[in-house]
Amino acid sequence: MMRSKLFSYILRKVFRAVFTLLLLSTLVFFALRLSGNPARILLSPDAPPEMVAAYAERYGLNAPLAEQYVLYLRNLLSADFGSSYINSKPVAAIIIDRLPATLELGLSGIVLAIFIGIPLGLMAALDRSGPIDKYAMTLATLVYSVPSFFFGVLLMLLFSVALRWLPSSGSDTWRNLILPAMTLGIGNAALLARFTRSAVAEIMQQPYILAARARGTPRSRIIVHYLLPNAGIALLTVIGLMIGTTIVGAIVTETVFAWPGLGSLFVSSVSSRDIPVVQAIVILSAATMVTTNLTVDFLYRVADPRIRTAQR
Amino acid sequence: MENINGANPERNCTGEPLLELRDVCFSYQSQGSRSISEDGAAAGTITGINLSLRSGETLALIGESGSGKSTIGRLILGLLKPERGSILIKGEDVTRIKRRRRADLLQSIQVIFQNPLDALNPRMRILDQIAEPAVSLLGVGWTAAREIAAEAMNAVGLPAGVGQRYAIEVSGGQAQRVVIARAISLKPALIVCDEPVSALDVSVQAQILNLLRDLNRQMGVALLFITHDLRIVPYVCKRSAIMERGGIVETGLTNDLFSRPKSTYAAALLNAVPGFLSSERNIDRARNGYDEI
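Residue numbers (my numbering), protein chains in the order written: chain A, 1 to 312; chain B, 313 to 605.
Hint data in this document are derived by calculation from the structure and do not stem from the laboratory.
One thing to keep in mind: the hints can contain errors.
Examples of chain A residues lying across from chain B (beta carbon under 7 angstroms, computed) [as the list claims (entries may be wrong)]:
#1 Pro207
#2 Ala214
#3 Arg215
#4 Tyr300
We put the CB at the ideal spot given by N, CA and C, even for glycine.
Let the hints inform the model, and build the full structure from the sequences given.
Structural data, given as structure tokens:
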């Protein structure tokens, strides 16, 4: 009985995720075609009609929209995103080529955010209304309210231009990763610090914490066995969102630091009207978010017995 | 069942006081915090509290909500620091000794709070929750601690299978037994019971009260029983102290205090309980009532 309920729960979640992806893919397809015939947009305004017709023929743009849509969905199912309008290379190959750089940057940023944000938020909560709390939260608010491109430029001016410690662009060595990862990670660290602080502060008021303190449980044990595991659910949500927005989050940072990932590819593809590439990146970004949400939902069940019991 | 003044209970009440409060004063306003009090005592002040409790003794701290009884419990547990006065455990003033020594002394005092489900870590299995104090306070390994926990579970009548569950998977009565098992796992000299049955069903209340009384008899553990429910006091506690607005207005043997209260407030409090008149007959009825359940 319990097993069948779990199975139906998983099935329901997966079905919802697939439906969301289908809806998003449809929206992306029609939204990108609202701006008119891609062949006309791509070619120069004075291009001869024969050339526009040949171009449209080559990329199947002459077919009715419904037919194009069906073909698009069929290709999507076999992970075929078509070919780039600019260099005729398969989009999947272009994306596979750029994906590792984005993953490297995104994951570095998330790790940095976790290692800075969680301890900072925890210290602030443990010193509630004290000086650490006030300074840490003021700093977090300040950092979070600064746009990431501006923050990136500030870092670049300081560490690359003034101090000449780190390179300002490229991806040749690990030193190239530091500034973009800091740009991406510190903003997320500020967000995570605020969430950690509020989650831990709320848990500290729970009677089981008072009971542990009354029993004489050492503070370090209360933090490790009581505060962090119980705050974990809230933190899991935030970290899930960060992972889900890795590609979107990297757009600005990759552009500022000329990092050769999907974010900078997206910007260049939008400006060159390379619809198949833009389409593929948007779908991949949505798929990352949907998959992360699905994973976080399952992790909730593993992490918290209350959720498991409530769903039985 | 024997009454509380019979031969068995409190047979170990001997010698030096286990716990002594001397002229203890406390005010939430001066601490800048009002959040810790559950009974509304945050608005009030504790003034000139003098109390003593010997090994194996049972003392009820009675009063209305906001009278400061839970605050006294928290002061004893070291969760709050008194502004003035001394709290002596086994003759040592815990407000003036080093942190490590204070922690050692406080190990002999454990606590049972009002809502047992809230007092359990929702993310830890029951067996580990009971074993955890032995690991963190006695420094034993998890295997040995789980054996201690299993013994404690057996002592409070919990089936072994409950150990693998989480707090959300047990009933209120079972949860309070878990809390009691956790409290006795360190073989404490004193358990501070802060309204330990007020969040439970009546039938479960009787089981928990019987259990606490049995623990007092068999293990000789002293009980400081904080409650606003006068009806259960004669059943558990030999001595009582009545509190009003942060001060103790009357102390004495429960029997005497309930049948012949000296202060006007104590008399009014006893007579305010529906169906509970301060007569010896009614005290006997209250005492025996739990045996009939």
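Comparing the hints with the structure gives:
1. Pro207: holds, 4 angstroms
2. Ala214: Hint holds; Ala214 (chain A) Cβ to chain B Cβ min 4 angstroms, cut 7 angstroms.
3. Arg215: At 5 angstroms from the nearest chain B Cβ, Arg215 (chain A) passes the 7 angstroms test, so the hint holds.
4. Tyr300: This interface hint is violated because 12 angstroms lies over the 7 angstroms limit.
Violated hint: 4 only; the structure is consistent with all others.
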